[in-house]
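The primary structure of each chain is shown beneath.
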Amino acid sequence: MSDVGDEFGAEMREAMQRRPAPPGLKRKVMEQRTRQRTLRLRSHTVLWQRLAACLVFVGVLAGAFEWRQTQERRRGEEARQQVLTALRITSHALDTMKAQLAAHDRDGQE
Amino acid sequence: MAHDWQPDFEQLVDEHQSMVFSLALRMSGDRGLAEEIAQDVLMELDMNLRKIESPLHALCWLRRVTMNRSADALRRRRVRGIDLWVEIEEGHGARMEESSSPLGARVEQLLATLPEQQRAALVLRYQEDMTPEEIAETLETPVATVKSQLQRGLKLLRAKAANLNEYVRGA
Numbered sequence: 196m197s198d199v200g201d202e203f204g205a206e207m208r209e210a211m212q213r214r215p216a217p218p219g220l221k222r223k224v225m226e227q228r229t230r231q232r233t234l235r236l237r238s239h240t241v242l243w244q245r246l247a248a249c250l251v252f253v254g255v256l257a258g259a260f261e262w263r264q265t266q267e268r269r270r271g272e273e274a275r276q277q278v279l280t281a282l283r284i285t286s287h288a289l290d291t292m293k294a295q296l297a298a299h300d301r302d303g304q305e
Numbered sequence: 033m034a035h036d037w038q039p040d041f042e043q044l045v046d047e048h049q050s051m052v053f054s055l056a057l058r059m060s061g062d063r064g065l066a067e068e069i070a071q072d073v074l075m076e077l078d079m080n081l082r083k084i085e086s087p088l089h090a091l092c093w094l095r096r097v098t099m100n101r102s103a104d105a106l107r108r109r110r111v112r113g114i115d116l117w118v119e120i121e122e123g124h125g126a127r128m129e130e131s132s133s134p135l136g137a138r139v140e141q142l143l144a145t146l147p148e149q150q151r152a153a154l155v156l157r158y159q160e161d162m163t164p165e166e167i168a169e170t171l172e173t174p175v176a177t178v179k180s181q182l183q184r185g186l187k188l189l190r191a192k193a194a195n196l197n198e199y200v201r202g203a
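These protein sequence lines map, in sequence, to chains A and B.
The numbering of the first sequence is the working numbering, which starts it at 196 and goes up by one.
The numbering of the second sequence is the working numbering, which starts it at 33 and goes up by one.
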């Protein structure tokens, strides 16, 4: 650049020294930073609380679903046992009748 | 990328608040607005502190963000239909001269009459003593454009004040 070193450039540099910042600027920035950090922390806490509430809700729902499934399985098993018992009784009755019929046939032949 | 340097926000504010404020003041021409811009820029630094890798990176980052925020503030003013520099000539000019040398105040008044891009280039060149290449990087503009903006800006300034010291002595 041709301006470097010339008188006008030097005057410009001299005239454009950095100005001191207003006395309260740093304090304002630090206060705003503290406020924002507190807000951020608070919003993080709320976020975690909501997340925990969601997890508890999902846990309760999953627990209820699992409990219902277990109950249904238990009822199904009971019903199966009852059917098996009924079948066993029927089978026993049929065996008895068959034995009686066989005894009756033998008596008739004699 | 891992880096050993741990930024200390308070120390960075101490070191750079004057630079940030001066850039914003010379770009906006309004002390109140400049303080607002400086505050916003420093808060943005706090939000981006983890990305800052070195003291030099902090300096470059602050220069770039300050110039961008100042341009945004001027744009917002224009959109709202307020001619900032008319306001300055009517009242704020006096406030700009506070704690500044007569020469500095005169330069700031003259800078205020320049187009925004030329003003930005000149402020970075003479306040921050940056090379055209560094200015181009900060303003995200081609180097040739920066050089032409510097030349045009200086030409305009020369036309307005042939010799600043002479003007100040005469004032």
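Please keep in mind that the hints were generated in silico from the structure rather than gathered at the bench.
Check before you lean on any hint, since a few could be wrong.
Rough simulated footprint, nothing fancy, chain A against chain B, three-plus residues with beta-carbon under 8 angstroms [as the list claims (entries may be wrong)]:
1) 50–61
2) 86–100
3) 157–169
Simulated pairs of lysine to any residue, SDA-like, Cα-Cα distance not exceeding 25 angstroms [stated by the list, open to error]:
4) B:K83 / A:T233
5) B:K192 / A:E202
6) A:K293 / B:E76
7) A:K221 / B:D46
8) A:K221 / B:M51
9) B:K83 / A:V253
10) A:K221 / B:K179
11) A:K223 / B:K187
12) B:K179 / A:F203
13) A:K223 / B:R109
14) A:K221 / B:S50
15) A:K221 / B:P87
16) B:K192 / A:A205
17) A:K223 / B:Q38
18) A:K293 / B:R108
19) B:K192 / A:H239
20) B:K83 / A:D201
21) B:K187 / A:D201
22) A:K223 / B:Q43
23) B:K179 / B:N100
24) A:K223 / B:K192
25) A:K223 / B:L106
26) A:K221 / B:E68
27) A:K221 / B:K192
28) A:K221 / B:L44
29) A:K221 / B:R96
30) A:K221 / B:K187
31) A:K223 / B:L44
32) A:K221 / B:E160
33) B:K83 / A:E202
34) A:K221 / B:Q43
35) B:K179 / A:Q212
36) A:K221 / B:A103
37) A:K221 / B:F41
38) B:K187 / A:A205
39) A:K221 / B:E76
40) A:K223 / B:N100
The model shown is predicted, which means the values in this text are computed figures rather than measured ones.
Even glycine gets a Cβ: it sits at the ideal position worked out from N, Cα and C.
Outcome of the hint check:
As drawn, the segment 50–61 of chain B meets chain A at 7 residues by the rule of a beta-carbon pair under 8 angstroms; at three or more, the given contact holds. Counting residues of the segment 86–100 of chain B whose C-beta sits closer than 8 angstroms to any C-beta of chain A gives 0, which falls short of three, so the coverage hint is violated. Three residues within the 8 angstroms Cβ limit are the bar, and the segment 157–169 of chain B against chain A gives 5, so the coverage statement holds. Between K83 of chain B and T233 of chain A the alpha-carbon distance is near 22 angstroms, which keeps this suggested pair within the 25 angstroms criterion.
Under the criterion of a C-alpha separation no larger than 25 angstroms, the hint pairing K192 of chain B with E202 of chain A is consistent with the structure, at around 16 angstroms. Restraint check for K293 of chain A and E76 of chain B: the C-alpha separation of about 96 angstroms exceeds 25 angstroms, so the hint is violated. Annotation: proposed proximity of K221 of chain A to D46 of chain B holds, straight-line Cα distance about 7 angstroms (limit 25 angstroms). Straight-line distance between C-alpha atoms of K221 of chain A and M51 of chain B comes to about 13 angstroms, which keeps the hinted pair within the 25 angstroms bound.
Of the supplied pair hints, the one linking K83 of chain B and V253 of chain A is violated, its CA atoms being roughly 37 angstroms apart against a limit of 25 angstroms. For the suggested pair K221 of chain A and K179 of chain B, the alpha carbons sit about 35 angstroms apart, so the restraint of at most 25 angstroms is broken. This hinted pair does not check out: K223 of chain A and K187 of chain B have alpha carbons roughly 40 angstroms apart, beyond 25 angstroms. With a CA separation close to 17 angstroms, the supplied pair K179 of chain B and F203 of chain A stays within the 25 angstroms bound.
Among the hinted pairs, K223 of chain A with R109 of chain B is consistent with the structure: their alpha-carbon atoms are about 24 angstroms apart, no more than 25 angstroms. Distance hint between K221 of chain A and S50 of chain B is fulfilled; the C-alpha atoms sit about 10 angstroms from each other, no more than 25 angstroms. As the CA atoms of K221 of chain A and P87 of chain B are separated by approximately 19 angstroms, the hinted pair is consistent with the 25 angstroms bound. In summary, the hint linking K192 of chain B to A205 of chain A is supported, as the alpha carbons are separated by about 17 angstroms, within the 25 angstroms threshold.
Of the pairs offered as hints, the one joining K223 of chain A and Q38 of chain B holds, with about 23 angstroms between alpha carbons and a cut-off of 25 angstroms not exceeded. Straight-line distance between C-alpha atoms of K293 of chain A and R108 of chain B comes to about 104 angstroms, which puts the hinted pair past the 25 angstroms bound. Proposed proximity of K192 of chain B and H239 of chain A is contradicted: the alpha carbons are some 56 angstroms apart, above 25 angstroms. Distance check on the hinted pair: K83 of chain B and D201 of chain A sit about 39 angstroms apart at the alpha-carbon level, beyond 25 angstroms; violated.
Restraint check: the Cα-Cα separation between K187 of chain B and D201 of chain A comes to about 13 angstroms, which is no more than 25 angstroms; the hinted pair holds. Of the supplied pair hints, the one linking K223 of chain A and Q43 of chain B holds, its CA atoms being roughly 15 angstroms apart against a limit of 25 angstroms. Proposed proximity of K179 of chain B and N100 of chain B is supported: the alpha carbons are some 19 angstroms apart, at most 25 angstroms. This hinted pair does not check out: K223 of chain A and K192 of chain B have alpha carbons roughly 38 angstroms apart, beyond 25 angstroms.
With a C-alpha separation of about 23 angstroms, the suggested pairing of K223 of chain A with L106 of chain B holds against the 25 angstroms cut-off. Note on K221 of chain A and E68 of chain B: the hinted pairing holds, with a Cα-Cα distance of about 12 angstroms set against a maximum of 25 angstroms. Proposed proximity of K221 of chain A and K192 of chain B is contradicted: the alpha carbons are some 36 angstroms apart, above 25 angstroms. Between the alpha carbons of K221 of chain A and L44 of chain B the distance comes to roughly 10 angstroms, so the proposed pair stays at or under 25 angstroms and holds.
The hinted pair formed by K221 of chain A and R96 of chain B meets the criterion: a straight-line CA distance of about 20 angstroms does not exceed 25 angstroms. Taken as a hint, the K221 of chain A and K187 of chain B pair is broken in the structure, with Cα atoms around 37 angstroms apart against an allowance of 25 angstroms. Our distance criterion of 25 angstroms between C-alpha atoms is met by K223 of chain A and L44 of chain B, whose separation comes to about 15 angstroms. A C-alpha spacing of about 21 angstroms is found between K221 of chain A and E160 of chain B, which places the hinted pair at or below 25 angstroms, so the restraint holds.
The suggested pairing of K83 of chain B with E202 of chain A is violated, with an alpha-carbon distance near 41 angstroms, which exceeds 25 angstroms. For the hint linking K221 of chain A to Q43 of chain B, the alpha-carbon distance of about 10 angstroms falls within 25 angstroms, and the restraint holds. Note on K179 of chain B and Q212 of chain A: the hinted pairing holds, with a Cα-Cα distance of about 21 angstroms set against a maximum of 25 angstroms. For the hint pairing K221 of chain A with A103 of chain B, the CA-to-CA distance comes to about 23 angstroms; that is within 25 angstroms, so the pair holds.
A distance of roughly 11 angstroms separates the Cα atoms of K221 of chain A and F41 of chain B; the hinted pair therefore holds under the 25 angstroms criterion. For the given pair, K187 of chain B sits about 15 angstroms from A205 of chain A by alpha-carbon distance, which is consistent with the 25 angstroms threshold. Restraint check: the Cα-Cα separation between K221 of chain A and E76 of chain B comes to about 14 angstroms, which is no more than 25 angstroms; the hinted pair holds. Annotation: proposed proximity of K223 of chain A to N100 of chain B holds, straight-line Cα distance about 22 angstroms (limit 25 angstroms).
Hint compliance for this structure: hints 2, 6, 9, 10, 11, 18, 19, 20, 24, 27, 30 and 33 are broken, all remaining hints hold.
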